[in-house]
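Peer 1: Heads up: the sequence lines are chains Z and H, in that order.
Per the working numbering, numbering through the first sequence is continuous, rising by one, with the last residue being 174.
Per the working numbering, numbering through the second sequence is continuous, rising by one, with the last residue being 1564.
It is possible that part of the hints are untrue.
To be verified - Which bits of chain H does chain Z cover? Going by a derived footprint, with three or more residues having C-beta under 8 Å, they are: (1) 1255 to 1262; (2) 1292 to 1305.
Said to hold, decoys possible - The list that follows gives simulated cross-link-like pairs (lysine-lysine, DSS-like), each with its CA atoms no further than 30 Å apart: (3) H:1168 <-> Z:74; (4) H:1312 <-> Z:74; (5) H:1187 <-> Z:171; (6) H:1038 <-> H:1346; (7) H:1038 <-> H:1202; (8) Z:74 <-> H:1142; (9) H:1168 <-> H:1014; (10) H:1312 <-> H:1014; (11) Z:14 <-> Z:148; (12) H:1194 <-> Z:78; (13) H:1014 <-> Z:74; (14) H:1194 <-> Z:14; (15) Z:74 <-> H:1187; (16) Z:74 <-> H:1361; (17) Z:74 <-> H:1459; (18) H:1296 <-> Z:78; (19) H:1361 <-> H:1312; (20) Z:114 <-> Z:74; (21) H:1346 <-> Z:78; (22) H:1530 <-> H:1459; (23) H:1202 <-> H:1187; (24) H:1187 <-> Z:78.
Source of the hints: derived by calculation from the structure; they are not laboratory data.
As the structure is a prediction and not an experimental result, all values here were calculated from the model.
We put the beta carbon where it would ideally sit given N, CA and C, even for glycine.
In case you want the letters, here they are:
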Amino acid sequence: MVYEDDNSEAVEMKHIISILLENEAGALSRVAGLFSARAYNIESLTVAPTDDPSLSRMTLVTTGTDDIVEQVCKQLNKLVDVVKLVNLTDDAHVERELILIKVKAENEQRDEVKRIVDIFNGHVIDMTDTTYTIEVTGDSEKIDAVLKALEHITMLEVVRSGQLGMGRGDKGMV
Amino acid sequence: MELTGAEVIIECLKAEGIDYVFGYPGGAVLHIYDAFYKQDDVQHILVRHEQGATHAADGYARATGKPGVVLVTSGPGATNAVTGIATAYMDSIPMIVITGQVPKHLIGNDAFQEVDSVGITRPIVKHNFLINDVNDIAETFKKAFYVATTGRPGPVVIDIPKDITAEKVAFEYPAEIEMRSYNPTVKGHNGQIKRAVDLIVKAERPMIYTGGGVILGDGSEQLRTFTRSLGYPITQTLMGLGAFPASDPLSLGMLGMHGTYEANMSMHHCDVLIAIGARFDDRVTGALEKFCPEAKIIHIDVDPASISKNVKVDIPIVGEVAPVLDAINALLGKSPELTNKGALEKWWAQINEWRAQDCLKYDRTCERIKPQFVVEELHKVTNGDAFITSDVGQHQMFAAQYYGFDKPRRWINSGGLGTMGFGLPAAMGVQLAHPDETVACITGESSIQMCIQELSTCKQYGMPLKIINLNNGYMGMVRQWQEFFYEKRYAMSYFDALPDFVALAESYGHVGIKVEKSADVRPALEEAFKQKDRLVFLDFITDREENVYPMIPAGAGLNEMILV
Chain Z
1 MVYEDDNSEA
11 VEMKHIISIL
21 LENEAGALSR
31 VAGLFSARAY
41 NIESLTVAPT
51 DDPSLSRMTL
61 VTTGTDDIVE
71 QVCKQLNKLV
81 DVVKLVNLTD
91 DAHVERELIL
101 IKVKAENEQR
111 DEVKRIVDIF
121 NGHVIDMTDT
131 TYTIEVTGDS
141 EKIDAVLKAL
151 EHITMLEVVR
161 SGQLGMGRGD
171 KGMV
Chain H
1001 MELTGAEVII
1011 ECLKAEGIDY
1021 VFGYPGGAVL
1031 HIYDAFYKQD
1041 DVQHILVRHE
1051 QGATHAADGY
1061 ARATGKPGVV
1071 LVTSGPGATN
1081 AVTGIATAYM
1091 DSIPMIVITG
1101 QVPKHLIGND
1111 AFQEVDSVGI
1121 TRPIVKHNFL
1131 INDVNDIAET
1141 FKKAFYVATT
1151 GRPGPVVIDI
1161 PKDITAEKVA
1171 FEYPAEIEMR
1181 SYNPTVKGHN
1191 GQIKRAVDLI
1201 VKAERPMIYT
1211 GGGVILGDGS
1221 EQLRTFTRSL
1231 GYPITQTLMG
1241 LGAFPASDPL
1251 SLGMLGMHGT
1261 YEANMSMHHC
1271 DVLIAIGARF
1281 DDRVTGALEK
1291 FCPEAKIIHI
1301 DVDPASISKN
1311 VKVDIPIVGE
1321 VAPVLDAINA
1331 LLGKSPELTN
1341 KGALEKWWAQ
1351 INEWRAQDCL
1361 KYDRTCERIK
1371 PQFVVEELHK
1381 VTNGDAFITS
1391 DVGQHQMFAA
1401 QYYGFDKPRR
1411 WINSGGLGTM
1421 GFGLPAAMGV
1431 QLAHPDETVA
1441 CITGESSIQM
1451 CIQELSTCKQ
1461 YGMPLKIINL
1471 NNGYMGMVRQ
1481 WQEFFYEKRY
1491 AMSYFDALPD
1501 FVALAESYGH
1511 VGIKVEKSAD
1521 VRPALEEAFK
1531 QKDRLVFLDF
1541 ITDREENVYP
1551 MIPAGAGLNE
1561 MILV
């Protein structure tokens, strides 16, 4: 019983939740409103229509204890606009996030920035005489690592997409 | 034949079998009012304030199980309805609220009487709609009624821009509706039901705890069969009163903050708790970490989000109360084999000891009028068979504790939101639903003033309500908390200038009676209830600093009650 921990349930963990919802005006605000009304955390939230234009797919990252995240999922499922919900954290899944960073790149730093971008399999997608705009995709850990690697470079602008997620294997969500 | 959007709305209401709409006109809904004028099938009840419309529709729904319907205009019409919508939402009452909206081309322009009604009501509705096209009216109404009345019921708002109500369309009401995103569970899971039955028959110290869900789900019959076949003790929440008869010896009365000693002690000491259509509200559980420390918990509820929300349960059963209890009753049979009869006998002996405390005792010899006494006398005069609405505060608790409801849907109060001003308009809805029944509103001098204008509506429609005003000159419950927890600093809980309620009632065209002595309570009540076709406002001047006992202070456990 060495690993038994009575407080294991009370540990706050990051959860990535995938939601299919009706692509209707106000559906997004129902989800966002639920989180503020019930004092749940949202770390990131992305939403866009799917191949079926009547449906939107949302990926939502939240942190909380297992009990709280269970409540979050139940409350989301209760929203009339929510068609289906999967907590991707429960099973094997892939995650991707996209980051765009505009950095100062002058003189010898131009080569250094380019090297860092290559190491992270990123691309320079725009440039001026003094700046690069970089694109990198990966899971959140990798995106955090890119930011850390560029810490000593002057970042002019940073935008992250928030995470997207999908279950592994041969089954679809619908 | 083509109809206008406004006429389509009326046709939708007719198709849903709606006989009353409670509302108040205004610019954005004038086309709809014009359509009302041209027909007789759906009667419109004109209230004096939109809050009154929502509470009246709510009272109608609680007394019948049918959805209440409200019609208000845009802007202030919608915002005035908000309190009533939230009241219905907290108690899961099926209601359709039609709000007018400014014409489509003005939406978002800060137009006259424009508010984002869908946005404002979003957190207090089960669902809401903004109709953008006259072709969508019929289907939206079908969906709205379906969502409001199925699963865990609740209010649904339909916001309709004015221009749409004038456009023409061919009317066809959908016979059926299917929504891929909304499929409430009806029947419970068989495996879970079997596990529950196994636990139920083995219980040594069982306790049945039921809530408003039993009434909303029309499960009273099943609950009676279930409880009586087992012979287990039962306690009901404020919202659940009447689902099981208060006069049955198995009933331990209400539980929670102002529950009985025997109910709360039995909760605290039980080993199997059977929760049915109840949601473990904070006024019921007291401190969560001290709640039912020894119990395995079974929870039957139609709303999965209510299960394990506040209290972790051992056997969850998602489904409607009636079919789930039917399934359980079928497995139990007529005389279930209980494996712990000896323990059960001891348990009842213990409960009866707690009962002997007589926690609801009060000074019956007092010359000043005790509020409890008025409620008990009211029970006698009405044979315990009246529909009772209430406002919020001490009088609400006295009504819940002392009236003794034997039937469901007879006790109508704002439990979740605790809305002062609910009682009088709710009683109007109840009276319309049951024109031949006795309807009384137990209220206080503070609550009644929050929707007093509806006395005028009562006059217009000849509603013979009996208003039982327990007038102690204080916001009684606020004063009680200030006495207990703020060293009697009665901040703002006292009215310096109360109206003469008798004259007030008379000015609205009703009968007013003032009662100041205990000995006059019974005759006054008898006199009032003799007047079958008049609204009688009884102003009882009660003992000023009477408190509601027992009481569990906030943060305490159910076994830590303050008794008289």
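Peer 1: Hint by hint, say whether it matches the structure.
Peer 2: So, going through the hints one by one against the coordinates:
no. : hint              : in the structure
1   : 1255 to 1262      : violated (count 0)
2   : 1292 to 1305      : holds (count 3)
3   : H:1168 <-> Z:74   : violated, 41 Å
4   : H:1312 <-> Z:74   : holds, 14 Å
5   : H:1187 <-> Z:171  : holds, 28 Å
6   : H:1038 <-> H:1346 : violated, 68 Å
7   : H:1038 <-> H:1202 : violated, 64 Å
8   : Z:74 <-> H:1142   : holds, 25 Å
9   : H:1168 <-> H:1014 : holds, 18 Å
10  : H:1312 <-> H:1014 : violated, 44 Å
11  : Z:14 <-> Z:148    : holds, 21 Å
12  : H:1194 <-> Z:78   : holds, 26 Å
13  : H:1014 <-> Z:74   : violated, 35 Å
14  : H:1194 <-> Z:14   : violated, 36 Å
15  : Z:74 <-> H:1187   : holds, 18 Å
16  : Z:74 <-> H:1361   : violated, 43 Å
17  : Z:74 <-> H:1459   : violated, 46 Å
18  : H:1296 <-> Z:78   : holds, 27 Å
19  : H:1361 <-> H:1312 : violated, 35 Å
20  : Z:114 <-> Z:74    : violated, 46 Å
21  : H:1346 <-> Z:78   : violated, 43 Å
22  : H:1530 <-> H:1459 : holds, 18 Å
23  : H:1202 <-> H:1187 : holds, 24 Å
24  : H:1187 <-> Z:78   : holds, 17 Å
The structure shown violates the earlier hints numbered 1, 3, 6, 7, 10, 13, 14, 16, 17, 19, 20, 21.
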